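Chains as they are written, first to last, in our numbering: chain A, 1 to 379; chain B, 1 to 419; chain C, 1 to 373; chain D, 1 to 157.
By construction, these hints were calculated from the structure, which means they are not laboratory data.
All values derive from a computational prediction rather than experimental measurement.
Keep in mind that the hints are not guaranteed to be accurate.
Claimed, not checked - Lysine to aspartate or glutamate pairs mimicking EDC-like chemistry, simulated, CA-CA at most 16 angstroms apart:
(1) A:220 - B:330
(2) B:407 - B:317
(3) D:52 - D:137
(4) B:188 - D:147
(5) C:170 - A:19
(6) B:407 - B:330
(7) A:302 - B:288
(8) A:185 - A:152
(9) D:103 - B:195
(10) B:304 - B:330
(11) D:97 - B:330
(12) D:97 - B:231
(13) A:300 - A:105
(14) D:51 - B:147
(15) A:282 - A:222
(16) A:293 - A:105
(17) B:342 - B:288
(18) B:342 - B:318
(19) C:352 - A:19
(20) D:103 - B:194
(21) D:34 - A:199
(22) B:254 - B:286
(23) B:298 - A:222
(24) A:106 - B:231
(25) D:41 - A:197
Unchecked claim - Derived, one-sided and incomplete: chain C residues facing chain A with beta-carbon distance under 8 angstroms:
(26) 23
(27) 73
(28) 110
(29) 248
(30) 259
(31) 334
(32) 337
(33) 343
(34) 345
Note that CB positions come from ideal geometry on N, CA and C, so glycine has one too.
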Amino acid sequence: MSATLPPGFRIQRETNTEEFFINMGPQHPSTHGALRLALRMDGETIVELVPHFGYIHRGMEKQAESMSYLQYIAMSDRQDYLTAIQNNLGVVIALEKGMNVGVPEKGEYIRVMLQELGRIASHLVFYGCFGGDLGGQTCLLFGFKEREMIHDILEEVTGSRLTTNFFRPGGSRYDVPDTFLPRVKAFLDHLEGAMRDYERFLSKNIIVLERSVGIGILSKEDAIAYGCSGPVLRASGVEFDVRRANPYSIYDQLDFDIPVFHNGDCYDRYKIRIAEIHESMKILRQCIDKFPKEGAWRSKEKPVRLPVGRYYSEIETAKGLYATYVVAATTGEKPYRIHTRGPSFPHIAALNKMVQGHKISDLVTIMATLDPVIPEIDR
Amino acid sequence: MGIINYAPKILDPIPGGKYVVNLVDYVVNWARANSIWPLTYGTSCCAIEMMSSSMARYDIARFGSEVFRASPRQADLFILAGTITRRMAPAIQMLWEQIPGPKYAIAMGACTISGGPFIYDNYAVVRGAQNLIPVDVFVPGCPPRPEALFHGLLTLREKILKETCRHPWHVGRPKDVSTMDRYREAAKTWAALEEMKDEEMAEARAKFKEEHPDYKSSFKPIRIKKEELPEVPRTPTHKGGLTQSELFAKLHAKFPKVSVHTHSDSPIEEVVAQIPADHPLEVIVDFEDYLPMVEFLKNDPEFKMDFLIDETAIDYDDHFDLVTMLRSMEIGHKLFLCVQLKKDFAIAEEARPTSLLASVPTISNLYPGAEVKEREIYDMFGINFEGHPDQRRIFLDKDFVGYPLRKDFTHPQMIRRPV
Amino acid sequence: MYVPSVTHPIGDFVREWVPKLSAYLPEQLQSQTLDSIVAFLVNAVICIIAVCAVNIGSAPILIYMERKVCAHVQCRLGPMRLGWHGTLQTIADVIKMLFKEVYAPSGADKLMFYLAPLIVLIAPFMVAALIPFDKNLVVSDVSMGIPLIIAVNGFGVLGILLGGWSSNNKYSLLGALRSGAQMISYEISFAMILLFVVMISGSTNLMTITQSQAGTIADWFIFKIPVLGFIGFILFFISSTAEMNRAPFDIAEAEQELTGGYHTEYNGTPFAMFYLAEYIALVTNSALATTCFLGGFHAPCIGVAAVDNYLTMVPGVVWFFAKVFFMIWCYMMVRWTFVRPRVDQLMDFEWKFLLPVNLLLLGAGAAYIVISG
Amino acid sequence: MQENITLVQYFKRYLKRCITGPWSLICGLSVSLKYFLSPWKIVTEQYPENKKTLRMHERYRGRLEMVEDEEGNNHCTACGMCERACPNASINVLPTKNIAGKKVLGRYVYHFASCTQCGLCVEACPFGAIVMSPAFEVATTEPSSLEMILNKKEGQG
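Let the hints inform the model, and build the full structure from the sequences given.
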């Protein structure tokens with residue numbers, strides 16, 4: 001049997017039934033991008049799954065070697081494009097460590113607020129895709145409806161809806177306009193009502209419960225071993241959030257909770273993201289109250305030149321731990337090498353562990369709750 | 001394509017048949033132009049804007065195009081949303097073949113028009129969808145707004161309305177623009193023009209110089225005033241677990257050969273003490289110590305580094321640096337291990353770019369998450385991992401030649417960055 | 001010679017006029033048998049045209065309606081630009097699909113591949129012929145109406161199975177197998193509910209069923225038997241949704257999982273047939289629900305003579321279609337609200353919940369009839 | 001997940017689900033009904049119809065444009081900062097010599113086809129000679145029209 005198995009499949013088993021192989025992707029509605037999943041099926045039950053990456057591998061790291069640091073910030077937009085603004089921060093913090101510049105208080109508040117808006121936007125997309133992948137198209141539109149309002153705010157502040165390219169070492173590119181705070185406030189008030197509706201729509205729904213409770217369980221040990229992070233890890237019962245564990249920006253001055261659930265199934269991963277939306281709203285409200293009226297929004301502009309060394313930064317994006325590793329071999333504007341650790345990569349690597357013995361429909365649910373962004377894996 | 005294209009041949013000779021043909025033509029074109037069903041296809045950022053355009057705020061349904069078909073056989077329109085990589089290209093061509101005619105394609109975003117951000121120094125991206133399939137409408141932007149996509153859709157509508165059964169729709173041909181270097185072409189054209197201009201102007205310039213021997217331009221460019229901003233010091237904070245010095249001391253006790261990156265002559269302990277609090281400690285590990293150390297770090301109750309953040313490599317002239325980033329979930333400290341892998345120069349120089357130059361034991365039995373990371377390093381750098389259960393290329397095709405993240409990597413399709 | 005009766009006003013009209021017209025024929029050709037045969041044929045043609053017109057005519061309207069309903073649930077506008085508020089959108093879609101290129105995938109069983117959509121279309125057309133649209137407006141008033149409907153409805157699954165199998169695609173095959181299992185299971189509860197209706201009306205003739213709901217709103221079967229009628233209606237609603245393969249029970253199509261299920265490989269006109277069949281089935285199932293539970297073509301009288309007089313002035317066919325469209329709207333709201341259960345859960349639901357409840361309902365209905373006399 | 005539960009527990013769960021299940025479905029339906037019945041909650045912006053009122057934000061990054069005064073003169077000195085700042089060489093600043101022999105801007109070629117609209121060029125320009133215009137209706141059937149020459153006149157100097 002082993003001789004006939006396609007590459008990647010490992011499980012050896014004796015069966016009385018005929019196994020067959022199915023390709024999901026690279027063009028498939030529920031693989032969240034250009035990912036190919038090779039499924040080994042026994043009827044409708046998945047025996048084994050092998051992910052095939054690289055359909056959107058764009059050689060970003062090779063390209064970064066001939067780019068300046070500033071240009072790489074623009075490049076990082078295209079990794080996790082759902083929360084480009086968070087990627088920007090990840091890169092910028094690494095550069096700040098190298099340049100040894102700080103950020104004024106107002107700049108930090110701008111950063112945190114945009115971070116949290118980005119997080120809400122990403123989780124709203126998750127809400128939509130989760131519902132949509134289960135078959136409820138309406139959820140998809142509900143999720144995107146509120147997200148558009150965030151993108152309106154982002155567009156007003158940064159000048160672009162998705163690829164923001166906003167943060168710079170020492171602060172950000174612009175100051176926020178005067179309308180920013182009232183707009184965020186109005187948006188939060190709106191979101192509160194909307195989330196009530198949306199949770200009513202999906203959270204307690206018996207079909208959703210049937211399809212997600214006990215599906216795709218990832219144990220605490222497995223989650224750590226595979227290197228999962230973010231909501232996926234926290235749903236498995238590990239209280240790890242970079243905002244708490246290694247606070248960056250001003251997250252140590254803000255009061256918020258890290259929601260943790262313990263079952264590690266699809267429903268917990270759903271609940272945790274909904275809870276995080278509420279936590280982000282809490283953070284945003286605090287920021288609005290504490291937002292400094294006076295003061296600089298950016299430290300003095302300097303050319304982005306890093307001394308020789310290796311610099312590492314990690315932040316918590318909506319998907320999980322986003323780390324940037326910069327190697328500067330010569331002092332100058334260009335990196336020797338930049339490596340990015342995207343949070344989705346380990347999640348997909350752990351997918352095989354989760355789907356074994358489940359149905360093809362469960363695979364869709366599990367994929368939705370992992371909330372991967374494929375370009376961030378492939379880079 | 002289809003019965004309607006034969007209509008003129010049959011009906012035109014009949015008196016009044018022309019009007020019938022025109023009428024049918026009008027109706028069919030009207031239907032085609034107004035009922036464009038796109039294919040659910042998207043690879044990256046533009047796909048999100050495509051989704052946005054079908055959502056409540058912008059609502060592509062107003063144009064009758066909300067019927068996103070997952071199967072290419074029922075679609076009319078191929079919105080190429082997102083970067084096209086060489087690995088994806090055959091799939092795209094196949095999808096295009098599967099769409100029944102009349103079919104149209106919109107290239108959405110810079111990547112599908114020209115390669116966008118990935119034109120130069122890139123071995124993986126196809127420079128423009130035109131190389132693969134015929135594209136009807138180009139929507140520039142990165143990514144284009146939903147409104148811009150609608151503008152593209154309306155442009156396509158105009159184009160469809162111009163078709164008649166006398167000039168019917170036909171499959172276009174792809175156009176090879178893959179080696180097009182717009183920057184160098186423009187520079188070259190201009191250089192030729194300049195040469196001509198120099199010749200033409202030589203006299204006039206000489207004359208001008210004679211007439212105005214001490215000519216000074218009145219034009220003074222005005223620099224934009226930048227806002228006065230204060231310098232802000234950075235305050236690194238450390239949280240969780242052992243400090244760098246403690247980590248190093250403990251590790252040094254067990255493995256005396258460890259050291260850190262330094263350019264100064266001061267003792268290692270001092271160098272370690274000077275590392276800012278938020279820089280993780282990166283120690284240089286001896287090759288023999290690597291596997292025992294990872295095992296020790298994972299199981300030792302003082303370290304408990306059970307979480308593999310990442311594993312990556314760096315290519316230098318004569319060696320690779322393999323960096324393993326570890327973290328303790330429970331205690332909270334981080335430790336980076338850097339192993340220097342000497343390149344195997346016994347391999348003939350011609351064979352070096354395509355052969356594995358170094359070898360290191362795998363740690364995927366300790367950290368299952370390392371499996372994919374090591375595959376990535378194998379794929380990108382050509383480092384062999386001994387004992388790896390599934391060492392295949394991960395991002396590139398299995399017949400890809402070379403290891404792209406090596407500094408001496410070359411690829412026939414790669415264009416060097418001009419500036 | 002046996003000529004089935006066609007009880008609609010046009011039928012009577014034709015039967016009346018064919019002998020009058022045949023009087024103009026040469027005498028050798030005049031005979032009563034010929035007259036009745038001609039009248040039958042003319043009637044048949046008229047009936048076929050009528051059924052086709054109702055079914056095919058309603059499909060674009062329904063597709064438009066669905067697009068608008070889902071748009072409004074999702075806080076958007078839906079088709080807006082073609083005609084007034086996009087009314088011509090579906091017509092453009094249909095014309096476009098008719099003029100698309102048609103081909104079968106390589107390795108497909110061509111005959112079966114093209115036959116399948118036709119088979120799928122047959123079932124709803126046949127059911128439509130049995131529905132009484134008004135007092136005299138029924139194409140074929142057969143006494144075994146309900147058994148015939150049950151028999152014919154089972155036909156649809158054949159088309160889907162054939163289509164999925166002949167496409168030579170694993171997704172199609174999975175979709176077809178899912179659909180086969182689903183439709184055969186739900187057929188049982190579908191039949192049970194109709195049996196319940198037969199039990200309380202005492203007839204399998206659809207006209208009789210409708211007529212036995214005459215009177216006020218309280219005489220409709222949904223309200224006639226307290227609670228039980230309503231439960232029966234809900235069960236019918238669920239099982240007919242599953243019968244039609246509509247969301248949330250569209251596991252056979254399951255765009256997110258199987259990219260389109262059994263019709264993954266279909267394009268152009270054959271796909272349009274599948275697409276239309278889904279909506280035609282929607283009409284016939286809603287009509288069946290209306291006939292069996294919502295009093296058919298009877299006006300919703302409330303027992304107050306002053307109001308009822310006005311209500312009954314409206315022709316029955318208008319009431320009938322009003323109710324049908326209300327039912328369709330209910331189906332659509334359900335479709336755009338709920339997520340899709342998994343395939344094994346769907347089976348669980350049928351065998352562990354729907355069927356026991358159905359049996360209980362039948363028993364309770366029987367008990368009610370015995371007690372109330 | 002196979003659990004060992006007694007028959008009583010099984011039936012308890014079964015009955016509980018029979019009650020909570022339909023209730024949760026009704027909750028879901030009530031939300032969709034609420035949205036269906038409130039047309040004022042529709043958020044759709046009708047793009048080609050709202051052209052007159054549609055305004056991009058001030059900072060919106062659309063196409064690159066040159067700042068020109070009334071006579072069509074630009075402020076560009078052909079220093080090439082924007083060219084170097086561009087991540088993918090979408091800008092050619094092609095200098096020429098004017099009649100006095102001084103280096104001025106000859107042609108400012110903008111490859112819109114590959115522009116990623118990151119705005120780094122505008123940030124890098126020391127003289128404010130270029131801006132990102134809010135133009136977004138840029139779709140075309142002709143890719144060659146995406147090669148633009150931004151300056152109408154030669155540079156001053």
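Would you check the hint for residue 302 (chain A) and residue 288 (chain B), treating anything up to 16 angstroms between C-alpha atoms as holding?
43 angstroms, violated
Compare the distance between the alpha carbons of residue 407 (chain B) and residue 330 (chain B) with 16 angstroms, and conclude whether the hinted pair is satisfied.
With a Cα-Cα distance of about 38 angstroms, the restraint between residue 407 (chain B) and residue 330 (chain B) is violated, given a limit of 16 angstroms.
Pair hint outcome, residue 352 (chain C) versus residue 19 (chain A) [Cα-Cα no greater than 16 angstroms]:
29 angstroms, violated
When the nearest CB of chain A is found for residue 337 (chain C), is that gap smaller than 8 angstroms?
Interface hint status for residue 337 (chain C): holds (7 angstroms vs cutoff 8 angstroms).
Against the 16 angstroms threshold, does the CA-CA distance of residue 282 (chain A) and residue 222 (chain A) hold or violate the hint?
Roughly 31 angstroms separates the two Cα atoms, so the pair is violated.
Is it true that the CA of residue 103 (chain D) sits at most 16 angstroms from the CA of residue 195 (chain B)?
14 angstroms, holds
Next pair to validate is residue 52 (chain D) with residue 137 (chain D); report whether the Cα-Cα distance is within 16 angstroms.
Measuring from Cα to Cα gives roughly 13 angstroms; hence the hint holds.
Is the hinted pair residue 342 (chain B) and residue 288 (chain B) satisfied, with a Cα-Cα distance of at most 16 angstroms?
13 angstroms, holds
Under the criterion that the straight-line Cα-Cα distance not exceed 16 angstroms, is the pair residue 51 (chain D), residue 147 (chain B) satisfied?
Satisfied, since the Cα-Cα distance of roughly 10 angstroms is no more than 16 angstroms.
Hint check: residue 300 (chain A) vs residue 105 (chain A), CA-CA at most 16 angstroms. Holds or violated?
14 angstroms, holds
Keeping to a limit of 16 angstroms between CA atoms, is the pair of residue 41 (chain D) and residue 197 (chain A) held or broken?
13 angstroms, holds
Hint check, residue 343 (chain C) versus chain A [nearest Cβ-Cβ separation less than 8 angstroms]
6 angstroms, holds
In summary, the structure is inconsistent with hints 6, 7, 11, 12, 15, 19, 26, 28 and 31 from the numbered list given earlier, while agreeing with the others.
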